[in-house]
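Here the protein sequences line up with chains A and B, keeping their order. First residue of the first sequence: 401, per this note's numbering; consecutive thereafter. First residue of the second sequence: 401, per this note's numbering; consecutive thereafter.
Simulated from the structure, these hints should not be mistaken for lab results. Worth double-checking, as some hints may not be accurate.
Treat identical chains as interchangeable: a pair holds within one or across any two.
To be verified - Subject to a maximum C-alpha distance of 25 Å in a straight line, what follows is the list of computed DSS-like cross-link-like pairs (lysine-lysine):
1) Lys549 / Lys426
2) Lys549 / Lys411
3) Lys426 / Lys581
4) Lys681 / Lys648
5) Lys603 / Lys501
6) Lys603 / Lys581
7) Lys648 / Lys581
8) Lys411 / Lys501
9) Lys411 / Lys423
10) Lys603 / Lys448
11) Lys448 / Lys581
12) Lys426 / Lys603
As the structure is a computational prediction, the values presented were derived from the model and not from experiment.
Each chain, written out:
There are 2 protein chains.
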Amino acid sequence: MENQALLEAMKATSVAVERVLDKFIKIPDTPEGRVFEAMRYSLYSGGKRLRSLLVLASAELFGVEREHALRVASALECVHVYSLIHDDLPAMDDDDVRRGKPSLHIAFDEATAILAGDALLTLAFEILADEDTHPDPYVRTKLISALAKASGGHGMVGGQMIDLSAEDHALDQQAVFRLQKMKTGALISFAVEAGAIMARAGKPLYASLQGYARDLGLAFQIADDLLDVEGDADEVGKAVGKDAEAGKVTIVGMLGVERARRQAQMLSEQAIEHLSEFDDKAAILRAIAHFAINRRM
Amino acid sequence: MENQALLEAMKATSVAVERVLDKFIKIPDTPEGRVFEAMRYSLYSGGKRLRSLLVLASAELFGVEREHALRVASALECVHVYSLIHDDLPAMDDDDVRRGKPSLHIAFDEATAILAGDALLTLAFEILADEDTHPDPYVRTKLISALAKASGGHGMVGGQMIDLSAEDHALDQQAVFRLQKMKTGALISFAVEAGAIMARAGKPLYASLQGYARDLGLAFQIADDLLDVEGDADEVGKAVGKDAEAGKVTIVGMLGVERARRQAQMLSEQAIEHLSEFDDKAAILRAIAHFAINRRM
Numbered sequence: 401m402e403n404q405a406l407l408e409a410m411k412a413t414s415v416a417v418e419r420v421l422d423k424f425i426k427i428p429d430t431p432e433g434r435v436f437e438a439m440r441y442s443l444y445s446g447g448k449r450l451r452s453l454l455v456l457a458s459a460e461l462f463g464v465e466r467e468h469a470l471r472v473a474s475a476l477e478c479v480h481v482y483s484l485i486h487d488d489l490p491a492m493d494d495d496d497v498r499r500g501k502p503s504l505h506i507a508f509d510e511a512t513a514i515l516a517g518d519a520l521l522t523l524a525f526e527i528l529a530d531e532d533t534h535p536d537p538y539v540r541t542k543l544i545s546a547l548a549k550a551s552g553g554h555g556m557v558g559g560q561m562i563d564l565s566a567e568d569h570a571l572d573q574q575a576v577f578r579l580q581k582m583k584t585g586a587l588i589s590f591a592v593e594a595g596a597i598m599a600r601a602g603k604p605l606y607a608s609l610q611g612y613a614r615d616l617g618l619a620f621q622i623a624d625d626l627l628d629v630e631g632d633a634d635e636v637g638k639a640v641g642k643d644a645e646a647g648k649v650t651i652v653g654m655l656g657v658e659r660a661r662r663q664a665q666m667l668s669e670q671a672i673e674h675l676s677e678f679d680d681k682a683a684i685l686r687a688i689a690h691f692a693i694n695r696r697m
Numbered sequence: 401m402e403n404q405a406l407l408e409a410m411k412a413t414s415v416a417v418e419r420v421l422d423k424f425i426k427i428p429d430t431p432e433g434r435v436f437e438a439m440r441y442s443l444y445s446g447g448k449r450l451r452s453l454l455v456l457a458s459a460e461l462f463g464v465e466r467e468h469a470l471r472v473a474s475a476l477e478c479v480h481v482y483s484l485i486h487d488d489l490p491a492m493d494d495d496d497v498r499r500g501k502p503s504l505h506i507a508f509d510e511a512t513a514i515l516a517g518d519a520l521l522t523l524a525f526e527i528l529a530d531e532d533t534h535p536d537p538y539v540r541t542k543l544i545s546a547l548a549k550a551s552g553g554h555g556m557v558g559g560q561m562i563d564l565s566a567e568d569h570a571l572d573q574q575a576v577f578r579l580q581k582m583k584t585g586a587l588i589s590f591a592v593e594a595g596a597i598m599a600r601a602g603k604p605l606y607a608s609l610q611g612y613a614r615d616l617g618l619a620f621q622i623a624d625d626l627l628d629v630e631g632d633a634d635e636v637g638k639a640v641g642k643d644a645e646a647g648k649v650t651i652v653g654m655l656g657v658e659r660a661r662r663q664a665q666m667l668s669e670q671a672i673e674h675l676s677e678f679d680d681k682a683a684i685l686r687a688i689a690h691f692a693i694n695r696r697m
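Isolated chain A (complex conformation):
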């Protein structure tokens, strides 16, 4: 699959996911409307929708209905966007710009940003519990359980906790890899496994997907760190050079730019190897592994 085709798939995914979210996030004409405006401000600000595309690609592998996959992708975007909103808060990473626009707490205010994040996280589980997301309630509970575990104290939130403490304590390489696996890897793994959960696929296929997700997640994160060092703020859509300024421990800071780039390349190739048992249906997943390390945003 060509890079151009992948970008088009991302665009189409974005449109489809926003159509689903539209149903759940209407702005009521009552005083609480402000929190829904805030949710939309952050959700509809043109992210790559990479996690959504991973859900769709994983669903396609198992012949899962696209409408079901879009529901799961929408829930995942809610969790991803909530995490960006809370991470940007002054008490956390204190970022004023996100995706080329003022961060939510700048555009609205801190209290609204906290509440919009809370409401998005809550909405994710409401969407997954909904009958239209999957006809089998057992599958819905499995999706909820997997997303909660990936997002909570042992997953994404735990990773952010380590990241914040890391500004005070030096971490060794193993600890940085663990941090990234929790902070960004856990949600990527959920996205990749979602198709298997929806199809109630067996264990062996899970293992391959988990391997792909683990390597992709790390490759993606190293590429992100490289963009922070070398990227153009306008293209990246947020301030660059922030990690070094904040004294954050990153894989790039640890390995240096050249070794980090080779590491990302190797991880991307390894990710693709995990897909060997899947045929052409895994084309998008392979293209994403290429894209992850060859992007400028």
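With the hints as your guide, set chain B onto chain A.
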């Protein structure tokens, strides 16, 4: 049921709920352990566990297993405590004391408080999705859906959004009742309906419980506002006189102390009337309706 017996039931509920939560919130010996310490600090700080007791009482009405009810109560406490943590933040209500102890962001720090709240909200859904919470996955998805709706932008979070905007705009009586219904009523309603959901009870019984929950929730809130005006800070466990100071619109501020007290009394009696079709099994629910307006904490 005597007041003393109710206080003992609350104590027993608290112990049982904490036993369940212990299983889910172990402090790992890794850098993210801090967020689990913070979750425990707030969860185990001696609240009344009123919402938990309502879940247990509602479960008893329908002959639901106590172990299942305790799981649901634990999830609900996670949501309740997360909301207190986030509401206390400087950008929100800026409260330094909660339940007689420093608020979480004072005892730890703001970033940890935001993350601990996020992790508790996430954990609530993880608990509800777990097979041991209820054997029927359909019931689990119904519980998740109901809790998410009660907690999100159309429920508790929306209520807090209105409350924050109300510091700028005056609200009329109807708007204040609506605010309270969303901010505190929604979770109380979930607690009262949880037993019916777990038992897959029919619509007519739901309606009675909804009536009880609506009146109880308002009576409880008015009693809370009265404590803020007249209560003793040591007994209440948080600063009093905060509402007036912050210029918050409350039912007591609107009706005056005497009329508000009569209103709470009337609502409590009305709540009990909704229980007429239940026999002695509703004794705890009746006792709670008395307690709600005759408490000093």
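How the hints compare with the structure:
1. Lys549 / Lys426: Classified as between: cross-chain Cα gap 14 Å, same-chain 28 Å, threshold 25 Å.
2. Lys549 / Lys411: neither (29 Å within a copy, 30 Å between copies)
3. Lys426 / Lys581: Classified as between; 20 Å across copies, 34 Å inside a copy.
4. Lys681 / Lys648: Answer is neither: 39 Å inside a copy and 58 Å across each miss the 25 Å cutoff.
5. Lys603 / Lys501: neither (42 Å within a copy, 48 Å between copies)
6. Lys603 / Lys581: Classified as within; 21 Å inside a copy, 46 Å across copies.
7. Lys648 / Lys581: within (16 Å within a copy, 44 Å between copies)
8. Lys411 / Lys501: The answer is within: 19 Å in one copy meets 25 Å, while 50 Å across copies does not.
9. Lys411 / Lys423: So Lys411 and Lys423 pass the 25 Å test inside one copy only (19 Å; across, 43 Å).
10. Lys603 / Lys448: This pair counts as neither: shortest intra-copy Cα distance 30 Å, inter-copy 44 Å.
11. Lys448 / Lys581: Intra 20 Å, inter 38 Å, cutoff 25 Å: intra-copy only.
12. Lys426 / Lys603: neither (39 Å within a copy, 28 Å between copies)
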